Amino acid sequence: MTMSGVSSIITGTGLGKTYQSGFFSHQKTFAVQDVDIEIKTGETYALVGESGSGKTTLGKILLKLISPTSGRIFYHNEDITDLQGPELIPIRRKMQIIPQHPEDAFNPRWRLSRSIMEPFLIHGQAQENGGLKNVLLELLAETGLNPDYAERYPHQLSGGELQRAAIARALALKPDFILCDEPTSMLDVSVQAAIIQLLLSLQKRSTISLLFITHDLKLADHIADRVGVMYNGHIIEEGSGILKSPMHPYSQSIVRGHKHQRPDQSIPSHESCPFVLQCPNKTEKCQTIPSVTDCSGRKIRCHHPFKYD
Amino acid sequence: MSSTVYIPISDQGFCALGMRVLKKRPLLVFGLIILILMCLMAVFAPYIAPHDPYEQSLENRFLPPSTEYPLGTDQFGRCVLSRAIYGSQPSLIIAVVSTILVVIIGLLVGLCAGYYRRVDGLLMRITDIMLAFPSMVVTLALVGIMGPGVPSIILALALPGWAKYARVVRSSTMSIKNRGFVESARALGAKNRYILFRHILPNVLAPVMEIATLGLGSKIIMIAGLGFLGLGIQVPTPEWGNILNQGLPLLYKAPLIALSAGALIMAFVLATNLIGSEIRDLMDPMSDSVKI
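Protein chains in written order, with numbering that gives the first Met the number 0: chain A, 0 to 308; chain B, 0 to 291.
Please keep in mind that the hints were generated in silico from the structure rather than gathered at the bench. One or more of the hints may lead you astray.
Example chain B residues on the side facing chain A (calculated, C-beta under 10 Å, incomplete) [unchecked claim]: (1) Arg24; (2) Ala44; (3) His50; (4) Lys176; (5) Ala186; (6) Gly188; (7) Asn202; (8) Pro206.
With a straight-line Cα cutoff of 20 Å, these simulated EDC-like cross-link-like pairs (lysine to aspartate or glutamate) come out [as the list claims (entries may be wrong)]: (9) B:Lys190 / A:Asp81; (10) A:Lys173 / B:Glu209; (11) B:Lys176 / A:Asp103; (12) A:Lys258 / A:Glu283; (13) A:Lys63 / B:Glu209; (14) A:Lys63 / A:Asp35; (15) A:Lys93 / B:Glu182; (16) A:Lys203 / A:Glu137; (17) A:Lys243 / A:Asp220; (18) B:Lys163 / B:Glu209; (19) B:Lys190 / A:Glu86; (20) A:Lys243 / A:Asp103; (21) B:Lys176 / A:Glu77; (22) A:Lys258 / A:Glu49.
Given the structure is predicted, the values throughout are model-derived calculations rather than measurements. Note that CB positions come from ideal geometry on N, CA and C, so glycine has one too.
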């Protein structure tokens, strides 16, 4: 599983997640449908799309926080789809999450020092070698937090400080893959820039792969090596430079800032193009599901992608 | 790198901490003082009581309060104060042990039902069945089957009581298990047991402790009710309920018999209610009381 000579850290093939609800109706919601994704070592991959397009679900599937309904997950080419319990622990140490809501990411009864050092507590390393105080101070320094904050409770810190603390906790076990689930969406603009800079500088220093989930196309284009655009549970376009030259009609319309009706997720889109109902360029051919094709260095799921000269 | 850290509560001077708690939460301190005094009274009853509570003397029937008998004597010439003091022992033991039992059962059932969806349906239907029966009727039936006595009264009070705790714990567990810090712990590789006991349990304890302290008071009233019906601790063993039962027909002749037990029951219920209403605030990490 390599691409351009760089090994992949995490790969998903044919991933799908269907939720079933209702005692009698058994209504289904197709959150993720037939997604192939590959994230390379040291790469920043941004997933963009509107709310409800399946970005977070896909991220959590890759992290094994949600079990996929279909498809396989590979970590360093090892199939981890069916791993459970103790078999998964070594992989858990290497894959971390930075949550969307920093104020919800910490146990309100714990001081920050305990929360940041929780990875060591979970993995039974809390009493080892007595050097943990130094590790805590290093993590705080690395994420730009005042050491005084270690003894504070989460409600005594601001959103930006908590997000830094969440990054410190995610870094504690020296992971090689971090899922950043809209880490800046709840922060104000000046703090957003600082958090992004922190993430990028950390990534440069330790070659961590980042899966960056965001609504913000400009941010995605700025920080990511590759961007995947999600719509109705599918990745409909993937590659670099999407903001400048979007090829899928959906990517073009979100770059222009158009709003869309939320697709009906109770209908599986394995028979027609997922964007067919709202596509301005639809033809008869669009009643069949397009396969993913390579087009000018992009992976695109469309019968009529726009071609730039 | 040097760091100035917050002084943990345990490192602060005990007297200074006590004064700060008293200043911020006088009702809590008042409730605790009453509760502690009552516990001390139960434990040191043989040293405090002026007379043997079983000692009868027909010559001394219905004596008014005096220095020898501070609250007078009852119809058998027994010291009313001594009986009220000794009566705290079975009342407090039954109330405390049965409350601990219902809290433990309610916590276990509620945590399992809220966290593990597979057992939720089964455990909650059992809980619904327990809730469907009026608790006093179940208690009366169980005491009737097992016979009066401390262990049977404890069981009879605990068996119908756990269901409401289980309901509260379940709903709190279901909301906490979807919080970000639980998901982060899971992503870090935490096992279910770790998540349940380190993250979820401490966060569901506040409402449980509040109900439990309020429940202590209601348990005392139930024990007194059982004693009043003749199903509680049997005479001549002193217990607040049966003292009240014996004193009521004599309310005009020797009012202090019923009033002594009644006042102690009222004081205990008042103390537990005060503590219960304060404890939720005290256990809330967002409250200023954490920083006392």
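Query raised in the report: Taken at face value, is the distance from the CA of glutamate 86 (chain A) to the CA of lysine 190 (chain B) at most 20 Å?
Result: It holds: about 12 Å lies between the C-alpha atoms, which stays within 20 Å.
Query raised in the report: Would the stated hint for histidine 50 (chain B) survive a check requiring a Cβ distance to chain A of less than 10 Å?
Result: violated, 49 Å
Query raised in the report: Holds or violated: are the alpha carbons of lysine 163 (chain B) and glutamate 209 (chain B) at most 20 Å from each other?
Result: Given that 20 Å is the threshold and the Cα spacing comes to 13 Å, the pair holds.
Query raised in the report: Taking the closest Cβ pair, is arginine 24 (chain B) under 10 Å from chain A?
Result: violated, 19 Å
Query raised in the report: Quick one, is the asparagine 202 (chain B) hint okay against chain A at 10 Å, beta carbons?
Result: Since chain A brings a Cβ to about 7 Å from asparagine 202 (chain B), closer than 10 Å, the hint holds.
Query raised in the report: Measuring from the C-beta of alanine 44 (chain B) to each C-beta in chain A, is the shortest one below 10 Å?
Result: violated, 38 Å
Requested in this report: Under 10 Å, Cβ to Cβ, is where alanine 186 (chain B) needs to be relative to chain A, so tell me if that hint holds or is violated.
Outcome: holds, 5 Å
Requested in this report: Closer than 10 Å between Cβ atoms is the bar; does glycine 188 (chain B) clear it against chain A? Give me holds or violated.
Outcome: holds, 3 Å
Requested in this report: Take a quick look at whether lysine 243 (chain A) and aspartate 220 (chain A) sit within 20 Å of each other, Cα to Cα.
Outcome: holds, 9 Å
Query - Proposed proximity, glutamate 209 (chain B) with lysine 173 (chain A) (alpha carbon, max 20 Å) - result: Between lysine 173 (chain A) and glutamate 209 (chain B) the Cα gap is close to 42 Å, so the pair fails against 20 Å, i.e. violated.
Query raised in the report: Keeping to a limit of 20 Å between CA atoms, is the pair of lysine 203 (chain A) and glutamate 137 (chain A) held or broken?
Result: holds, 17 Å
Query raised in the report: Does proline 206 (chain B) meet its interface restraint, that is, does its C-beta lie within less than 10 Å of any C-beta in chain A?
Result: Cβ of proline 206 (chain B) sits 14 Å from chain A, so the hint is violated.
Hint compliance for this structure: hints 1, 2, 3, 4, 8, 10, 12, 13, 20, 21 are not met, and every other hint is.
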